[in-house]
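Given next are the chains, with one letter for each unit.
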Amino acid sequence: MTTTTLPTYDEAIAGFEPVIGLETHVELGTNTKMFCGCPTDFGGEPNTRVCPVCLGLPGSLPVANKAAIEATIRIGLALNCSIATWCRFARKNYFYPDMPKNFQISQYDEPLCVDGYLDVEVDGKTVRIGIERVHLEEDTGKTLHVGGATGRIHGATESLVDYNRAGIPLVEIVTKPVPGAGALAPEVARAYVTELREVIRGLGVSDVRMEEGSLRCDVNTSLNRPGEEWGTRTETKNVNSLRSVERAVRSEIIRQSAVLESGGRIIQETRHFSEETGDTRPGRSKETATDYRYFPEPDLVPLAPDPAWVEELKAALPEPPRERRKRIQEAWGLSDLDMQSVVNAGAVELIEETVAAGATAAAARKWWLGELARRANEAGIDLASVGATPAQVAELQTLVDGGKLNDKLARVVLEGVVAGEGSPTAVMEARGLAVVSDTGALTAAVDEAIAANPDVAAKVRDGKVAAAGALVGAVMKTTKGQADAKTVRELILERLGAG
Amino acid sequence: MSDLTRMTAAELAGTIAKGDASAEEVTRAHLDRITAVDGKVHAFLHVDADGAIDAARKVDAKRAAGQELGPLAGVPIAVKDVLTTRGVPTTAGSKILEGWRPPYDSTVVERLRDAGTVILGKTNMDEFAMGSSTEYSAYGPTNNPWDLGRIPGGSGGGSAAAVAAYEAPLAIGTDTGGSIRQPGAVTGTVGAKPTYGGTSRYGLIAFSSSLDTPGPCARTVLDAALLHEVMAGHDWRDSTSIPQPVPPVVEAARRGMSGDLTGVKLGLVTEFDAGEGAEPGVMAAFHDALAALTKLGAEIVEVSAPHFQYALPAYYLIAPSECSSNLARFDGVRFGLRVGDDGNRSLEEVMSLTREAGFGAEVKRRIMLGTYALSSGYYDAYYGQAQKVRTLITQDFNAAFEQVDVLVSPTTPFVAFPFGSRTSDPYQMYLADLFTIPTNLYGGPGISVPCGLSEGLPVGFQIMAPTMADDRMYRVAAALESAVGTLTPPSLEG
Numbered sequence: 001m002t003t004t005t006l007p008t009y010d011e012a013i014a015g016f017e018p019v020i021g022l023e024t025h026v027e028l029g030t031n032t033k034m035f036c037g038c039p040t041d042f043g044g045e046p047n048t049r050v051c052p053v054c055l056g057l058p059g060s061l062p063v064a065n066k067a068a069i070e071a072t073i074r075i076g077l078a079l080n081c082s083i084a085t086w087c088r089f090a091r092k093n094y095f096y097p098d099m100p101k102n103f104q105i106s107q108y109d110e111p112l113c114v115d116g117y118l119d120v121e122v123d124g125k126t127v128r129i130g131i132e133r134v135h136l137e138e139d140t141g142k143t144l145h146v147g148g149a150t151g152r153i154h155g156a157t158e159s160l161v162d163y164n165r166a167g168i169p170l171v172e173i174v175t176k177p178v179p180g181a182g183a184l185a186p187e188v189a190r191a192y193v194t195e196l197r198e199v200i201r202g203l204g205v206s207d208v209r210m211e212e213g214s215l216r217c218d219v220n221t222s223l224n225r226p227g228e229e230w231g232t233r234t235e236t237k238n239v240n241s242l243r244s245v246e247r248a249v250r251s252e253i254i255r256q257s258a259v260l261e262s263g264g265r266i267i268q269e270t271r272h273f274s275e276e277t278g279d280t281r282p283g284r285s286k287e288t289a290t291d292y293r294y295f296p297e298p299d300l301v302p303l304a305p306d307p308a309w310v311e312e313l314k315a316a317l318p319e320p321p322r323e324r325r326k327r328i329q330e331a332w333g334l335s336d337l338d339m340q341s342v343v344n345a346g347a348v349e350l351i352e353e354t355v356a357a358g359a360t361a362a363a364a365r366k367w368w369l370g371e372l373a374r375r376a377n378e379a380g381i382d383l384a385s386v387g388a389t390p391a392q393v394a395e396l397q398t399l400v401d402g403g404k405l406n407d408k409l410a411r412v413v414l415e416g417v418v419a420g421e422g423s424p425t426a427v428m429e430a431r432g433l434a435v436v437s438d439t440g441a442l443t444a445a446v447d448e449a450i451a452a453n454p455d456v457a458a459k460v461r462d463g464k465v466a467a468a469g470a471l472v473g474a475v476m477k478t479t480k481g482q483a484d485a486k487t488v489r490e491l492i493l494e495r496l497g498a499g
Numbered sequence: 001m002s003d004l005t006r007m008t009a010a011e012l013a014g015t016i017a018k019g020d021a022s023a024e025e026v027t028r029a030h031l032d033r034i035t036a037v038d039g040k041v042h043a044f045l046h047v048d049a050d051g052a053i054d055a056a057r058k059v060d061a062k063r064a065a066g067q068e069l070g071p072l073a074g075v076p077i078a079v080k081d082v083l084t085t086r087g088v089p090t091t092a093g094s095k096i097l098e099g100w101r102p103p104y105d106s107t108v109v110e111r112l113r114d115a116g117t118v119i120l121g122k123t124n125m126d127e128f129a130m131g132s133s134t135e136y137s138a139y140g141p142t143n144n145p146w147d148l149g150r151i152p153g154g155s156g157g158g159s160a161a162a163v164a165a166y167e168a169p170l171a172i173g174t175d176t177g178g179s180i181r182q183p184g185a186v187t188g189t190v191g192a193k194p195t196y197g198g199t200s201r202y203g204l205i206a207f208s209s210s211l212d213t214p215g216p217c218a219r220t221v222l223d224a225a226l227l228h229e230v231m232a233g234h235d236w237r238d239s240t241s242i243p244q245p246v247p248p249v250v251e252a253a254r255r256g257m258s259g260d261l262t263g264v265k266l267g268l269v270t271e272f273d274a275g276e277g278a279e280p281g282v283m284a285a286f287h288d289a290l291a292a293l294t295k296l297g298a299e300i301v302e303v304s305a306p307h308f309q310y311a312l313p314a315y316y317l318i319a320p321s322e323c324s325s326n327l328a329r330f331d332g333v334r335f336g337l338r339v340g341d342d343g344n345r346s347l348e349e350v351m352s353l354t355r356e357a358g359f360g361a362e363v364k365r366r367i368m369l370g371t372y373a374l375s376s377g378y379y380d381a382y383y384g385q386a387q388k389v390r391t392l393i394t395q396d397f398n399a400a401f402e403q404v405d406v407l408v409s410p411t412t413p414f415v416a417f418p419f420g421s422r423t424s425d426p427y428q429m430y431l432a433d434l435f436t437i438p439t440n441l442y443g444g445p446g447i448s449v450p451c452g453l454s455e456g457l458p459v460g461f462q463i464m465a466p467t468m469a470d471d472r473m474y475r476v477a478a479a480l481e482s483a484v485g486t487l488t489p490p491s492l493e494g
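Here the protein sequences line up with chains A and B, keeping their order.
Going by full-length UniProt numbering, the first sequence opens with residue 1, and the numbers climb by one from there.
Going by full-length UniProt numbering, the second sequence opens with residue 1, and the numbers climb by one from there.
Simulated from the structure, these hints should not be mistaken for laboratory data.
C-beta atoms are modelled at their ideal positions from N, C-alpha and C, and glycine is treated no differently.
No false leads were slipped in.
Using 25 Å as the maximum straight-line C-alpha spacing, the simulated BS3-like pairs for lysine-lysine come out as follows:
id, chain 1, residue 1, chain 2, residue 2
1, A, K486, A, K366
2, A, K366, A, K404
3, B, K388, A, K92
4, A, K92, B, K364
5, A, K237, A, K176
6, A, K408, A, K477
Every beta carbon over 10 Å from chain B, so not counted as near; a handful from chain A, in silico:
id, residue
7, S106
8, E121
9, E132
10, W230
11, D306
12, G370
13, R411
14, A430
15, R431
To list a few chain A residues with every Cβ distance to chain B over 10 Å, as calculated:
id, residue
16, G15
17, K176
18, G358
19, A362
20, V456
21, A470
Construct the entire structure; sequences and hints are all you get.
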């Protein structure tokens with residue numbers, strides 16, 4: 001391959017208009033699989049969460065999971081879609097060993113939800129992303145290629161298949177093509193996936209964790225010169241983080257622009273995004289030639305959701321995240337930037353619940369975006385799973401406000417809470433971390449410090465008040481940080497007649 | 001004691017309940033009969049003697065403990081090898097499943113076990129139930145007890161022959177285009193296809209999901225009805241199973257046995273009665289039976305079903321389309337045969353070699369037909385069009401059932417034919433199901449009951465009823481049986 005110098009993004013986008021489209025797969029958090037009673041929880045020894053149905057054994061038959069259908073309808077409603085009054089599942093036929101039946105039960109020309117939209121904010125402007133369809137299907141198993149250097153099938157000596165994931169309900173959300181985003185296309189793509197994740201998380205139907213694959217994203221990109229027809233699109237797979245969504249679009253725009261500028265043609269193909277290099281590589285080109293031979297799934301009866309039930313589900317939808325954020329931002333008095341950092345940290349709900357438990361918004365934000373965000377980051381986990389509850393954070397702040405803990409002690413207490421030692425009060429008491437406010441005990445410590453540092457004491461007596469810091473430090477040391485520094489300082493100055 | 005193998009299921013159940021014979025004695029009598037004649041008939045692919053004796057002893061123990069027994073407790077039964085039986089080989093007549101022991105029971109088999117019937121073994125069939133003669137079984141054909149040089153029908157020729165040869169009083173079949181009724185007709189036995197959704201497909205290795213229907217095979221209409229009631233009923237594991245009570249088929253059979261059909265309107269399908277493609281001897285026996293039914297008080301009404309003539313072509317698009325997808329799972333990855341896995345060949349090559357070696361010619365033909373019919377650009381012209389024909393056929397049935405209670409026809413256009421006479425031209429084989437296929441496309445029930453002989457071979461009389469009115473066809477079938485009697489094949493001994 002010849003090495004060509006790629007243009008910068010700004011150069012690349014200057015002569016073209018991009019059109020993007022996104023296909024998102026969301027694993028639903030139902031208790032059981034889509035068409036059988038096997039459990040769905042992540043992890044587990046390979047091939048232990050399987051039965052004749054999800055293994056596709058001869059004679060087995062699927063039975064649709066009502067909870068999954070309900071969750072899909074709720075997603076459709078939250079994305080302003082129309083819900084079909086009658087629709088069917090369809091078989092998508094292709095041979096692949098991670099698919100037990102060699103067909104996937106999906107939906108084809110009769111999706112459960114159609115024609116909606118999702119509004120997202122980009123650069124202070126609202127962009128409306130059209131939703132083409134939301135449909136329900138079953139996930140495949142996972143293939144593991146062993147023995148090769150790359151973990152890919154090439155060079156592997158053995159391929160192993162784990163069917164634990166096979167049959168987990170999967171919702172596919174497909175946008176309409178999004179033209180007109182211009183140079184902001186990568187940001188629009190990212191904003192859409194971010195907002196979609198918030199919507200679905202708000203519905204409580206999936207944990208939408210990109211790193212665990214419960215939210216997966218394919219990005220379509222094409223370029224055309226202004227005034228011309230839309231170009232040929234490519235589909236980029238393996239886009240597994242919000243940052244990657246943005247990078248994938250950016251890199252595909254740069255690549256396609258270089259091809260077009262040099263007089264080449266874009267091939268309609270599937271490409272794979274690499275987290276390491278940040279660019280896309282061609283996938284198997286024969287995928288585009290696959291004829292899936294879709295036909296209505298004869299093993300399942302048509303779905304006909306009762307309109308009254310759909311209305312009930314609609315009425316019970318939670319407040320849309322975007323409206324909620326606006327309301328909250330106003331109530332908390334946050335700047336746009338501060339609010340953005342709260343959203344990006346996934347802390348909206350946590351702070352809201354902490355405020356509801358009695359803390360001020362500022363205090364709640366300080367804990368969740370500070371100490372707790374740092375811990376979550378270090379552990380590589382979500383903020384919500386960091387180990388502290390909003391109620392505990394509110395309790396901690398009450399202890400600080402009441403003078404029982406200082407900031408430093410509060411952090412130590414929080415460490416105990418996160419470690420599962422109990423409520424902040426319980427940790428404080430068990431570890432003996434309360435601020436020492438008993439002046440009798442403090443006076444003794446102060447006298448001890450003065451006696452041990454006669455030179456320093458003399459300086460203070462001579463009016464060099466700043467020197468008192470060394471004595472404060474000594475007292476804090478003997479009290480193991482449990483004294484209130486301000487009180488200690490006042491006591492020292494009083495004792496030395498320098499107050 | 002009279003020969004236990006010559007008794008009907010109803011008689012055997014009574015004998016066991018009274019204690020005149022134990023279930024174990026009944027079972028051993030049938031196992032002995034299998035040993036004696038199955039070398040000639042080849043109805044069974046697998047005989048589970050140990051399992052059968054165990055099941056029989058459980059019934060005997062239950063009776064000894066004074067517990068109540070079901071209507072078929074202790075009665076032996078043969079099961080078509082297309083229904084899964086836990087731990088017992090299940091091949092669907094194919095090399096690709098040779099040696100596979102399913103880890104689960106099909107719902108029908110589970111209900112048979114719960115009812116205390118004694119499963120003797122698994123019967124031969126055309127591979128994946130595709131065929132009308134058992135000549136497409138990967139394990140060799142079954143021979144018709146009436147003439148060992150002739151076919152026993154198919155796909156369920158093994159089940160019908162086992163019943164006809166007194167190897168079992170009852171058997172389970174599955175009917176996709178006639179695979180219970182046509183073998184019943186050519187072996188002189190009773191075969192019923194229940195309403196689609198009336199019997200569970202869970203554990204039935206699918207040929208064509210929207211058509212496959214398990215049903216009973218027996219030597220008398222009452223026995224078929226007794227088995228129908230045991231095996232039928234709603235099953236949550238099959239989404240297409242109908243959540244309604246089983247039609248009162250046993251009661252209807254008993255009523256029909258009285259021989260009174262006063263006020264019952266039989267619809268004679270004029271398009272079928274033209275006799276096109278049917279042997280004169282078959283039509284003659286059919287008309288004799290009609291005359292007998294008239295004597296019992298039935299009224300014959302001519303009805304038109306203009307779209308029945310398109311049933312066969314529509315069927316040969318829908319069934320192969322569904323089978324091309326249903327049979328995709330046989331790839332050598334998870335169960336059954338695997339060919340060519342030498343550590344060097346690619347997965348695709350191993351899948352291809354496995355399917356190449358594991359499937360027979362007729363199965364491959366239908367997979368290819370169906371793959372073509374579903375492919376992009378052809379779907380509307382083939383599969384889509386066939387579904388429209390299916391709707392028109394359903395409308396024909398609905399219109400007919402506004403005028404009459406049941407429809408009647410010969411079951412199959414010709415009597416049992418000699419081996420090899422229809423294998424060179426697939427269409428000649430497909431014609432065997434000319435009269436049975438419309439019922440499958442409509443989804444209603446149909447039954448074949450013996451009505452006489454033509455050239456010394458049995459002729460079947462078909463009765464078709466509206467969906468979930470299975471009881472109607474049992475009543476008429478039992479009345480016809482009371483008028484013309486049952487058929488006894490020549491002795492297989494000596």
